[in-house]
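Undergrad: Residue numbers (the working numbering), protein chains in the order written: chain A, 30 to 538; chain B, 19 to 650.
Because the hints were derived from the structure by calculation, they are not lab data.
Check the hints yourself; a few may be wrong.
Derived lysine to any residue pairs resembling SDA-like cross-links, with alpha carbons at most 25 Å apart [as the list claims (entries may be wrong)]:
#1 Lys67(B) x Thr171(A)
#2 Lys481(B) x Asn408(A)
#3 Lys377(A) x Asn408(A)
#4 Lys481(A) x Leu254(B)
#5 Lys467(B) x Asn408(A)
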Amino acid sequence: MIKNWLYIFAFLILISLISCHSKIESFKEASRRPAIFPDYTDVLIPPNMAPLNFIVREPGAEYEVRVYTDKENQMVVRSGSPSIQMDVDKWHNLLQKGMGTKLYIDVFVKEKDGNWQKFQPIINEISKESIDNHLAYRLINTAYGVWNNLGIYQRNLENFQEKPILENKSFEYGCLNCHSFRQNDPNNMMIHIRAIHGGTIIIQNGKISKIDTKNKYTLSAGTYPCWHPDGKHIAYSVNKINWHFGTGETRMEVSDEYSDLVVYDIEKNTLTTSPQVSSASRENLPNWSPDGKYIYFINAPKVTGFEDRIQAKYDLMRIAYDVNTNIWGKVDTVISSKAIGKSISFPKISPNGKFLMFCTSNNGYFTIHHPQTDLWLMNLQTGEYHPMEINSTQTDSYHCFSNAGHWFVFSSKRIDGLFTRPYFSYLDDNGKASKPFVLPQENPEFYNTFLKNYNIPELITGEVTVSPQAIRDKVMENGVPVKLDPSVDTVYMRKHLTIEKKSPMPENR
Amino acid sequence: MKLKFFNLSNLFIFITILIAWYVTASVISPYLHYSFQQIGFFTGAEFLKSFSSYPGGIADYLATYLSQFFAFNSAGSLLIVAVASVQGLLTLSVLKSLAGELKFRYTAFTVILLFGVLVLCDYRYPYYASIRLLLAYIFTWGFYRLNFRWPRLSVLIWPLLGCLLFYLASGSALYVFALATISIFVVTNKERIWLFATPLFLILAALIPYIGHKFIFQMTYRNIYGITMVRPPEQLTYTQGFPIYIYYSLLPVILFVVLIFVMFSKPNKDKELGSKPEIEPNTLTKISFFRRTSFLVVLQVIVFGISGYFLFGKLHDSFKKKLITIEYLAENEQWADVIRFSESINKYDFRVNFQVNRAHAHLGDLGDRLFSYPQLLGISGLFIDPTNMVGSSYLPTSDLYFDLGFMGESQRYAFEAETLLPNSPRILKRLVMINLVKRNYDLAQHFLKVLDQNMLCRDWVSKYEKYVSDTTLAANDRIIAEKRRFSPKRELFSVGTLQGLKLLLETNRDNRMAYDYLLTFFILDTQLPEFVDYLRYYSYYNLKKLPKSWEEALAIYVMRNKAFPEFIPQETVSENCLKQITSFTKIIKSYKNDLSAAKSTLLGEYGETYWYYWFYLSPKVTNVLKSKTDVR
């Protein structure tokens with residue numbers, strides 16, 4: 030009896046194998062390319078990227094996809110559904126062999142009458158340069174005032190494995206905020222925790238510490254961070270933030286009543302600042318130059334009323350700061366908002382020091398809620414700047430360069446105008462960016478049903494190896510209060526905090 | 019015919035199950051659990067993945083699957099009773115093997131069934147607690163069978179079962195399993211192996227969750243060891259009470275009692291062998307009557323009938339049930355039923371206040387019947403005060419803004435609600451409708467795709483998917499078309515409630531609900547000049563006569579200003595109204611303007627008037643808003 034079943038089973042396997050390998054003998058050729066989702070056409074692909082799985086948006090009973098660089102280097106995927114999912118190992122093998130060449134994708138669709146139709150090939154290119162192999166991001170819902178399950182995760186870009194770095198369910202559902210790495214280094218990281226078990230977690234080569242960055246001489250605890258290349262200092266903005274709900278296409282506006290900059294010395298556990306970056310105007314979003322000699326930041330005038338608080342435009346500035354001598358230089362304007370008619374935010378310099386990428390919007394700095402937000406690029410050698418060709422009609426915002434300096438990731442809402450997804454592009458030495466493509470997922474339908482946003486995507490060169498449990502245990506401890514650097518002019522800071530910025534703004538009209 | 023004990027007991031068990039089903043359906047009403055907890059189960063892999071990353075998650079997944087059927091009251095009740103009955107039957111199966119046919123098997127079964135149902139008297143009860151416990155029962159039963167055949171092997175397999183159960187059903191199920199299996203092990207193993215196994219089981223039951231917490235899972239100790247988890251949203255935070263503690267302790271306690279019974283009954287049996295009864299025959303007849311199984315079973319039925327009745331009376335909060343029913347009726351837009359049902363609630367509640375106002379607005383008599391419900395919170399009963407805003411208020415607020423046609427605000431609160439209750443089909447439906455109104459068809463399609471993974475929403479999805487593929491259907495939909503006309507286009511930030519209502523009217527004067535709400539806002543906030551300013555537009559709505567509350571507010575204005583506003587003909591305010599306000603003021607004067615002394619006299623005839631509100635109920639008089647209202 031069992032023997033009979035085995036025969037039947039073997040026969041079925043044989044039949045399925047035969048059907049799997051039945052070649053498409055004849056087909057008619059369509060004059061266009063197939064519609065696919067996500068849009069993985071005409072893109073440049075890093076050779077270490079996970080398979081670009083996609084859905085064929087053409088009606089059919091069966092699908093075959095041939096991916097190849099030449100006759101010898103190819104793979105075939107046959108699927109009964111329009112969802113095309115490729116084998117990770119075969120894909121990498123194909124990409125490694127075809128580095129620097131074109132990658133062709135032929136899509137065949139079996140129509141209801143049993144005839145096959147072949148579409149014009151999709152042509153992509155395989156880059157010679159790899160991208161950092163991990164991406165860290167926070168996954169958050171679309172709410173504005175409340176939160177529930179939050180987590181910072183790391184995705185291996187070479188496959189589809191996603192692991193948590195820290196989830197808030199491990200520490201009583203506190204709020205997880207910004208995360209930041211020292212020049213794409215997974216071993217040097219910081220995370221802000223708010224509300225329950227609040228504080229700042231700093232991870233340095235396996236050592237975890239928790240600090241409390243609020244000091245009586247600063248406006249708030251550290252907010253928007255950036256690591257100094259030496260790994261011993263972190264620049265923060267300190268902000269008095271409020272949000273305002275909008276009736277139009279900008280659903281929410283986040284604005285600061287006032288903000289300053291500070292620099293935290295990890296070894297000494299001290300904060301320092303200067304009147305030049307703790308002035309009456311609103312200094313914000315610090316970012317170090319790759320050589321660590323300058324802090325680039327944005328600045329808006331002092332708030333005088335509700336309208337200018339919301340509508341103010343930020344200029345791009347920089348100030349020299351020597352972390353060894355604790356000496357501040359003078360503030361320079363790099364790009365004036367008046368010059369481009371836009372508000373500037375999130376300045377970031379490519380690791381090779383050639384380009385400065387930043388966001389622009391009609392007003393303010395919290396660009397993620399502005400549909401008109403675009404990415405701009407400044408050539409630091411020529412001083413020229415322009416909107417990037419990768420922008421869409423929806424929000425294109427927060428960006429991060431890969432360690433080698435060409436690949437970068439940015440946040441975009443181009444799929445549906447609401448949910449933020451990470452996109453990758455390659456910036457060549459002439460400042461031309463390749464057509465961006467969205468982070469590939471094992472299930473290509475993923476983005477059609479996923480209700481969370483990818484927030485603050487950061488490329489990192491490897492996996493964060495400190496366990497979530499070890500970070501959680503540190504989160505549960507009290508933070509060590511930071512001290513004020515003795516060089517800070519406390520008389521000025523006291524006056525600055527109590528007089529200049531004592532101007533409560535109406536939040537509702 | 020003389021019934022056998024076994025059959026009689028089974029018959030009563032069967033009848034008890036039927037009664038439990040009826041009581042669950044009529045008293046607990048599982049559809050209210052479904053509505054209140056916004057239960058949603060999705061078939062996608064991502065949904066399963068979200069449950070697989072923590073101990074107990076798989077049980078939660080099963081519970082979510084089962085509890086979605088609470089939407090159907092009878093089927094939901096049957097499920098609840100079936101799960102508790104399976105627990106009871108598994109217990110009986112183990113008991114039968116350990117101690118033979120017990121005379122108290124009805125008790126053993128019914129007490130589990132009773133508490134399995136009683137725990138659902140609390141509408142925040144997370145049903146996963148029952149499913150986790152069910153898994154503990156199944157594992158205990160499985161261990162018993164294993165131990166029966168291979169006693170030594172069972173000791174080795176216990177840690178594996180313990181780890182698996184911990185992953186499937188979390189720490190509390192593991193303790194139940196550990197304590198229950200200890201009794202089984204002691205009873206069934208003649209050798210002294212239990213001396214070694216018992217402490218081992220206890221240590222492992224404590225150690226497995228500890229290791230899980232320390233090295234594997236991102237959970238708090240509280241959530242790993244506790245029966246239920248502490249997690250958002252706040253409005254569903256379940257407070258553990260004695261019913262759930264008893265429910266979880268029943269299996270170990272029953273087995274422990276059997277253990278004692280077995281240990282002590284054996285020597286007695288030996289002693290009785292061959293010895294004569296020491297009792298007189300007459301007495302023996304009397305005792306044997308009381309020992310008769312039918313009497314014992316009937317006695318158990320009576321005891322459980324009475325105790326069940328009292329426990330339900332004590333644990334079931336009919337007031338909370340009524341509150342949830344009001345929300346349910348509002349969700350289903352049964353406005354007349356909302357009003358009718360609210361009349362059966364004697365205690366003031368701001369959520370009822372909010373929904374009653376909304377219901378009146380939908381029925382078109384908000385102005386006439388505004389004070390038929392005491393407006394103790396003033397404008398905070400019209401729009402729930404943001405300072406009182408917790409999770410449970412987000413969706414009703416989103417619904418109200420949708421009614422008013424304010425899509426931006428409706429979406430804002432829907433997203434807040436979606437964050438707290440990410441699987442709620444109701445919230446996802448709201449987001450679909452908002453985005454259809456806003457012509458964001460891609461987004462509407464996105465939410466429809468998510469909803470399509472919920473088997474109870476497929477019909478709804480197929481209806482609105484057509485709106486995305488053929489947008490003329492959306493344009494011709496009465497509600498969508500109306501909301502498109504009403505939704506503000508101008509971009510403003512931090513628009514408060516009042517400005518929002520003004521903006522709605524500025525956008526489209528045909529928005530009668532916005533007009534009603536605006537005038538009601540002024541009335542409740544006692545802003546008479548503003549009220550009169552906007553009252554001038556009343557003729558636009560073809561009103562021949564002013565609604566009662568407007569008339570009463572205008573009467574105060576007229577009394578104060580000694581004249582009618584020029585744009586209002588005098589006959590708009592009825593003679594009767596003017597007479598009544600004169601009489602009202604006379605009564606106050608008769609008490610020498612002592613308002614507290616006049617209060618009881620005025621309450622009878624004028625309790626449902628604006629004048630009474632003005633003097634006695636307005637939050638500006640009572641200062642009631644200074645203390646935060648607890649929404650639970």
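Undergrad: Evaluate each hint against the coordinates.
TA: Here is what the structure says about each hint:
Among the hinted pairs, Lys67(B) with Thr171(A) is consistent with the structure: their alpha-carbon atoms are about 20 Å apart, no more than 25 Å. Simply put, Lys481(B) and Asn408(A) have alpha-carbon atoms about 53 Å apart, too far for the 25 Å limit, and the pair is violated. A distance of roughly 12 Å separates the Cα atoms of Lys377(A) and Asn408(A); the hinted pair therefore holds under the 25 Å criterion. Proposed proximity of Lys481(A) and Leu254(B) is supported: the alpha carbons are some 22 Å apart, at most 25 Å.
The suggested pairing of Lys467(B) with Asn408(A) is violated, with an alpha-carbon distance near 43 Å, which exceeds 25 Å.
Hint compliance for this structure: hints 2, 5 are not met, and every other hint is.
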